[in-house]
Every structure is written in C-alpha cells, then in structure tokens.
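Colleague: Next come the chains, spelled out residue by residue.
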Amino acid sequence: MTSPLATAHAVAASAIGSTVGSDTVQAHGIGGQADLPIPLTLAISGAVAALVVSFTVLVVAWRRPRYELAGGGTVRATVGVGSGSALDPGLDPGLDAPAVDAEHEDAVLRRRAGRPAPAVLDRVVGSHGFHLAARALGLALAVFTAVCAIFGSDDLNNPFFGIFYVWLWVGLIFASALLGPVWRAISPVRTINAVIARLADSDPDRGLLTYPERLGHWPAALGLFAFVWLELAYAYPTDLGPVRLWCAVYFAVMLVGGALFGNRFYELGDPFEVYSGLIAKLSPWARVDGRLVLRSPLANLATIVPRPGLVAVVAVLFGSTAFDSFRESSFWVKTYQDASVSKVLLDNLALVGFCLTAGVLLAVGSALTRGGGSVARRELPGRYAHSIVPIILGYILAHYLTLWVDVGTQTLARVSDPLSTGANLFGTAGLTPSYWFSYHPTLLATIKVLAVVIGHVVAAVAAHDRALALLPRREQIVGQLPMLFIMVAFTGGGLYLLFNA
Amino acid sequence: MPRTPRALGAALLSAALLTSLTACGEDDGSAGTATSGSSSEASSTASSGAASSSAPADDAKVIDIAIKDGDVSPSGDRIEVKRGQTVELKVTADSEGEIHVHSDPEQELAYKEGEQTFSLAIERPGVVAVEDHALDKVIVQLEVR
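As they're listed, the protein sequences go chains Y and W.
In this text, residue positions in the first sequence follow the numbering used here: the first is 722, and each later residue adds one.
In this text, residue positions in the second sequence follow the numbering used here: the first is 2, and each later residue adds one.
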C-alpha cells in the first residue's frame, strides 16, 4: 500500500480527531501506514511453488492445445500484414506443425463457445434499459468527480483523489475481473461521444477516418504510462491542479479520438477500457455470437488479440506496479536521499526502467521460444503477452488489497462531503476503515503470496497452451523453457519486492 | 485428456498447500489480540524541550536523530519496533522544524534548535515513515510488528 493516497489516512484522521488541528498537510510521496513486508519463508515457498508448478504444467499438462486451433490458426486471421515464415529461415512449416483434425477443432470451439448464461441474465444485461442504466451510472460518477475536481478543496479530504487513484485504478480492475469489461459499459467518454454523434445524426461507431490498425494499443499504452507517471513519478501526485489537468487532457484526447475514429478508438486506445478489457478476460463472462456465455477464464484469455502495443500495455502495467512496491523500500529511500540528483529524476528513471525491463524480458523470453508455422519471431511477444495478464492481476491484488479496502472505505466516507462543507449526502460520512488486515499480517501475507502464485499458475498454463499451438511438435517442451523462465523471474521478482517492501 | 485437468488441479493444490503450510508455521501473534480500529490507535505523548524529564520506559526503543545542515541522520533506515512499544525520538537539531510520523492519525512533532525527546507508541502493525517535513526527508521507517 504505497500509493500517495496512503497519506490520506493521516490527513483525515488528524482532521477528525483534531489532534493537530491542521488539514493543510500536503502529501509528498511517502506517507500513511504501509503494509508489513511478507515473511521470507512465505516469499521463498511462494517462489518454490511457482517453480514446481511451472515444470509440472510443462511436463504433465495436455499435449494438444485446449483453447487454440493447431498452428495458431484462431489468431492468425486477426493479425495484419507482416507475418510470414520467410523471415525466419529456421522454420519448416507443414512438416512439423501439429496435424489439424476435425475432432480436436470441435473440442476447441466447444470450449471457446462456453456454456450459455441463464436466459434471464442474458436478457437483462443485454437489454437497452441496462445499457442506458450503465451509461447513466458512468456519466453520473464522472459528473460527480468533475464537481469534486473543480469545486472541492485542494487537500486529501477531497474524495477526488480517492476516486481517481483507488476506485478507478484499483476498483475498476477488481470489478472487471468479476463482472467483465466494466469500463466499456460505463465509459463516460463513450457516452459523450454517442450523444454528440446522435446530435450530429451520425454513427458513434464511425469517425471521420478509419482507425489505423498499426496504432493498435499504443495510445492506451501511452495513456496508462501517463497515469502511472502521475501517480508514481511526478512530484505532486496529490495536488488538485495537476491531477485535474490530467483528467481534462484525458477527456480531450478521448473525445477528439472518438470524433476522428469512432468507437474503435475507445476499444483499442482508451487506457482504462483496454486495461479493464484485458482483466475482464480473466472473468468467466463473454459474449459469443451475441449470446452471454460462461466459459473458462483460460478460454477467455486465449481470445486476447495480439495487436501492436499489447506488449507495451502489459509491460507498463506490470513494471509500474513493481516499481510502486520498490519505491518505498528502505533501499530506494536511502538511495535517493543520498544521491546528488533529485528524487523526482530518479523516480522517473526507475519507473521507465521497470517498465522497459518488463517489456524486454517478455520480448526476449517469447522470441527465444522457437517460432513455428506462420508466425515470425518478432510477432511472438504479442502472441504470448496475454499470458502475463494473470500475473498482473495477481500482483495488483497482492499490492493494492489493503489500499482498496482501507482507502476505498475512506473515499466512500469522503464522497458524502465532496466540498468539505460538513455535508453527509449519502449517509456514509461516518465510515472509518477498520484496518482489519493490518491486525492479521500473516493472513494478509498469505493472501498476497497465494494471489501471486495463482496468477503465475494461470499464466503458465495460458502460455503452455499458446506454445502448443505455435511450436513445432518436436520442440514443444524445450521450446517453452525461455518463456517459463521469464515468468518465474516475474513471479520471483514480485515476491522479492513484497518481501522487501 | 481427462487426466490432465486433474493433474493441473493437483499441481494447483500442491502450490496452495506449500504456501499455506508455511503460513501456518508462522506465529501470528497479533491475530488474537487485535484491537478495534478506532481512529486514534496511535497514542502520542509528545513532550518536547526541557520538559522531558520523565524516566524512559525500560523497553523503550531509543532513536538518536541528528538534523544538521539540511540533512537528517539516520537517513531512511528501517527499524523494527513492537506494537505499542514506546519509541523515543531523541532529536538534536541546528534549527527548528517539524517531524511528521505517518501513522494513523498522522502525528506532527515540532522541534526547536537543540536537544529534545519525543515519545510515541504505534498500535497498528505496518510500516510507518518518520519524516522531516520541511526537508522532505525520511529519517526512519518504523516496522511495527
């Protein structure tokens, strides 16, 4: 729990208890009470478990892809130009590629089709009314947040910070893992774009131009980096002005993008929609041929499309969360306090370094697996990027659980008094966090390690399944090793950071 | 085919066991004695200046702090303390300033030029940063267990 928002505890409490009589305290990066580090024994057993399970998956698990058509056929169609085995002379497609047979294909398609959700549920969530209600909810939240941002006070009693850094960044992710692509349903920028389109009597799905597929998820990767930069590497992450400006720029870019490219821009370029959409692939929900279905998160995960920029999105999400753990370690604090250059500069370098390291490891690990069939080596990182998503969710859960529970609760109290006038709009003003997890540190540490290890296991299985579809049959075991090593490195690194927090 | 999901399940289970077994081996000393989380868990009995003549508690953790020429010593050290243990901050400063203890609620301790002692105790387990506010530097991180 090392967000700048952690300082929020302190300010609220001092304001309520009047122990200090000052609510003008400004956050400066470090503050609030953070979680205890996880015990060494737990960190080690977690890492050992990850290692053991990885090799178990490799050796014992299925030999034919359960969620992919052989040869990566299900995704080949969705990848644009540029694939071709001619670029990779080491390949001899056809000779090695797993044989395609109809029975296997049927089984894969069955798994991908899932089980129909209860008809009532499908009818309700598919209805126009539900659609409108979700849009209204999203818009109401956005308007409320804007009021806080514009008229609220410039201190941490303003719920704006909690809504932005905790409800949006963490809450949206947990909600997406449980319910599916939540941001797409409530996205205020989609709603505004739809209203504008309706007023102009045009189609919100279409803009002036066609979205260049080569851009892929790059706008989202940039947007996500801009968010984590504001939170973790900028000098004043809890000053009202800069955070408000960030939001204004986000809205402006999204509305212009929507006007230019239509809804396709949100699908591929809105940082929150992309993040929420990726995590939603770990939920059991999907729409297949217009019907709401329940299916294995592994089947869901396999449908992530390897677009340009996907690797960058994944790298920013994992790298930034790891940096958030790292930056409050005693090591880092001593480093920047003893350095001759500023903390902000070092934070910036380290944040970029963490994201780049994550991206390079993923790229190298997946490029070193031998390409098979029609997939060029340079496309492999994109093909394996989906398998990092469970590691991200596990680590986000481990890292932000107490922040979500404690500061999330505190934010719920603050939204009742958005303008610091003593109001109690929703009757929640009296809520205070119980800090229950703080008093149960062993349970908390166990939950963290389990989250990281389970994320790792799902990731290893997802990568295994993809590898079976991509690798020539005779290399199916050895070929997976590079990817497996970088996953163990991610998980081990994450556990080390939790131990060293 | 049917044996493979089971094998995976077994692998998962073994992972869960591996981690939870060691967890059980840990002594969770805090589980039984958790106090309710009121907003005033951290009790501060800051006494500054010459008034701090009372004898220090036997098990108090004494931390000598020097603030000089815009630098703090120690600088970002991690120090373990027990829940509720008295922590005595012995501050020697060459000018006046303020120390912030980022517990909940936050405690702000104003110091003057010269020597003075502040004592405090933190009830909630976690990591609490003790910072010099004006210099924006972390003096110590208290690891409260």
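No lab work stands behind these hints, which were simulated from the structure alone.
Do not take every clue at face value.
Reference excerpt, derived from the structure (chain W facing chain Y, CB under 10 Å, subset only) [what the hints assert, rightly or not]:
1) D72
2) R79
3) H103
4) E107
Where is the CB? At the ideal position from N, CA and C, for every residue including glycine.
Colleague: Please check whether W/R79 passes as an interface residue: C-beta within 10 Å of a C-beta belonging to chain Y.
Modeller: 4 Å, holds
Colleague: Using 10 Å as the Cβ threshold, decide whether W/E107 counts as touching chain Y.
Modeller: 3 Å, holds
Colleague: Should the interface hint for W/D72 be scored as holding, given a Cβ-Cβ cut-off of 10 Å against chain Y?
Modeller: Because about 9 Å separates W/D72 from the closest Cβ in chain Y, which is inside the 10 Å limit, the hint holds.
Colleague: Once the shortest beta carbon distance from W/H103 to chain Y is found, is it less than 10 Å?
Modeller: 4 Å, holds
Of the numbered hints listed earlier, not one is contradicted by the structure.
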